[in-house]
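Using the sequences plus the hints, can you model the full thing?
These protein sequence lines map, in sequence, to chains A and B.
Here the first sequence stands for residues 0 to 421, numbered as in numbering that gives the first Met the number 0.
Here the second sequence stands for residues 0 to 415, numbered as in numbering that gives the first Met the number 0.
I should point out that these hints are in silico values taken from the structure, not numbers from a laboratory.
Please note that the accuracy of each hint is not assured.
Per the computed footprint, the stretches of chain A lying under chain B, defined by three or more beta-carbons under 8 Å from a beta-carbon of chain B, are [to be verified]: (1) 149–157; (2) 199–211; (3) 273–286.
Some chain A residues flagged as far from chain B (calculated, every beta-carbon gap over 10 Å) [stated by the list, open to error]: (4) Lys29; (5) Glu220; (6) Glu301; (7) Arg334; (8) Gln364.
Glycine is no exception: its CB is placed at the ideal position from the N, C-alpha and C atoms.
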Amino acid sequence: MRRTVVTGVGVMAPGGTGREQFWARIVDGKPAIRRIQAFDPSPYRSQIAAECDFDPAAHGLTAREVRRMDRFVQLAVAAADEALADSGLDLAAADTDTDRIGVTLGSAVGATIRLEDEYVVASNHGADWHVDRRHVLPFMYQSLVPSSAAAELAARYRVHGPAAVVSTGCTSGIDSLGHALTVIEEGSADVMIAGASDAPISPITVTCFDAIRATTNRNDEPEQASRPFDADRAGFVLGEGSAVLLLEEYEHARARGAEIYCEITGYAARANGFHMTGLRPDGFELSEAILHAMDGSRLVPEDLGYISAHGSGTRQNDRHETAAYKRVLGETAYRVPISSIKSVVGHSLGAIGSIEMAACALVIQRGTVPPTANLTTRDPECDLDYTPLEARDADVRHALSVGSGFGGFQSAMVFSGLGEAA
Amino acid sequence: MRASRAFITGLGVVAPTGVGTTEHWENSLRGASGIAALPEPGGGGHPAPVRTAGQVSGFDADAFVDSRLAVQTDRGTWMALAAARLALDDARLTPDQEFPFDLSVVTAAGSGGNAFGQREIQALWSQGPRKVSAYQSIGWFYAASTGQISIRHQLKGACGVLVSDGAGGIDALAQAHRLIRRRTGAVLVGGTEAPLSPYALVCQSDQYGISRDPDPCTAYRPFGGAGFVPGEGGAMLMVESEERVRRRGLRVYAEIRSTAATHDGWDPAEPPPDGTQFTRAVREALRRADCTPDDIDVVFADGAGTAVGDRQEADMIRAVFGGRPVPVTVPKTMTGRLCSGGASLDLAWAALALTHRVIPPSVNLDPAAEYADLDLVLSPREAPELHTALVVARGTGGFNAAAVLRGPAGAGTDTG
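So this is what it looks like as structure tokens:
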């Protein structure tokens, strides 16, 4: 079996762009959530979000690229640039085979900001159903079909392996890495530029979650609004961002002397076949995904040193995943440190799964478990160790991350320190 | 890879050529195109963004989607639900008698729930947030069809959604094959696209090569014309493991021998300078199928319809097949280019061709002199020795994919 390792990490998250600012922020447990600045949020039920202070020019994007790319693509490019630089992989080197380097990018909602903005202008604020093509930006096809984001990355780095966008809603970020893992394992590529990006902070996306009261309405105290596993939670907080990991076949990484963060030792996805937005309280299908992800690396519950929770901060999610952990891990579920960094960086839909996997890579490398911010009054139904408020030192050899999303998707992935695979 | 073989056991077609395999195949052999003029936009007096498109005129969504589900979903998902139902029925697969974790669905997605999304954005901006549907969060997004099919049929294995524009149908098939190798028993796979709502047409109208020709007979003529037309619809395919095919005693349409994908990695706003990566995808698919070019009996071409795309495809065919005149067909000349639905429909066409030993035609072609060396199939062609088909697809942005299918006789099961 070909093994897959992580050799580069790039993160564009709320509260500071770049991997190191992201890490400092989640370890501090200081929420990067504020009243929405991207537009006037006063007409909406939920008026807060985790926004990135992202300057595309500062990240090397040209004016032409900014004009062509929706914000979610811009964030992905910045994260991918950082991951590649971190990996030390020299794409221009004579012995780098760009036919063997591919791209997967997860995104739940793609270019919704640009699609909405252009429609609003061209339709005269929604007055016209038939809009005039002369009033929209060029390049709109690239916003209509989100595979353009994978194409942008492949083009930027002139790489020619398999490329695709993975769009399984809020598990896209895990499933994108899972797809890349499979592509490397089967031998279709040696390196995958793999991650996810979403920029959903737009009126239509805020409204669509308002309409089903999935997001919080604690608008008066943004920093305390994302409260996974807390009795006083009121829904999730929308976020944006991107993380890209450089995934590499182990021998390939070793041959070029790459520094290795960790190995992907397990991945599984299941569907709950239950409801597009609802979750069964027993967490059965999520537990099946976790079980199979752990099987991939032949882990027993005691091996897990950290669980990066989905932890969206909705009541149904927090209870659903708590039940899933108990079903898979038994009594050990009470002893594994769990946390949700969504308490700090919000829920960036398809992106967050990759951002959380980036966090897991750093947890294994640096021996610190980031906390769940705002967890002051635990939901009595959620009685595991969610690492409230304060980061902890811990020697984590295996980290599990899970995701759960609209459409019934349930995904789980395991990162392990190198040499820790059973 | 030979260790776990995957077979196409059912087809569900919802396309401009018809709803259901029988209607689709009969119309295909008659050369009955589903490309027609689009209605002129009412009111504003501005030009139509696109003049002609492949349209599924006979699609009765009510026959497949109950009214409660219909209000939660877009036309693209109605078509996906219909195609899924047809493919399951065709394979005589009853999910409620199966272990749900043994079944999966993987779709290729493209532009999402267009009409649904436009309607809700319009409601938001003209009437305010309270007028937006409670289903916007699940109606528009790219995972809607996979999620709804999974729930409706209790397909609880690893489900997926891949987006690689026109190459997506083959990438999704590749994912289905991977799942079969990893012991999923059966995977419903394919894509349907519904991109003919007004705003989606506007967003397509600036594409390189999109046709402004109002005549449905001349708007899309690969290898000699000057443009392509979009279309709606697609197909779902039932893919099952060899073990299941034997146990269930199924007839099969075809075996999936291989898939491969590459990316041009060129300027995203420009076509690539040559078809190097396209050719590499095809050669890689042949290698993985343990095939030589001489084993290929028919090519289902991408048929870009643009000067650059057509030339690169012809160059690919010449490079791979040398001087051998392999039959080349572009049946999507009857449907237009269906984005995520296109390659799935081509796979269905190839599966039918292998089963019936007939190559469906390309219609309306007027090949240019520079393509005189290609054996373009312009009318249905009986091919008693049709055993192996190559299906190729390209997507806007630089995606290339290829698949090799082997027909029921060559597939090596005794159930054909």
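Checklist entry - Which of the stated hints cannot be reconciled with the structure, identified by number in ascending sequence? => result The structure conflicts with no hint, since it agrees with every one listed earlier.
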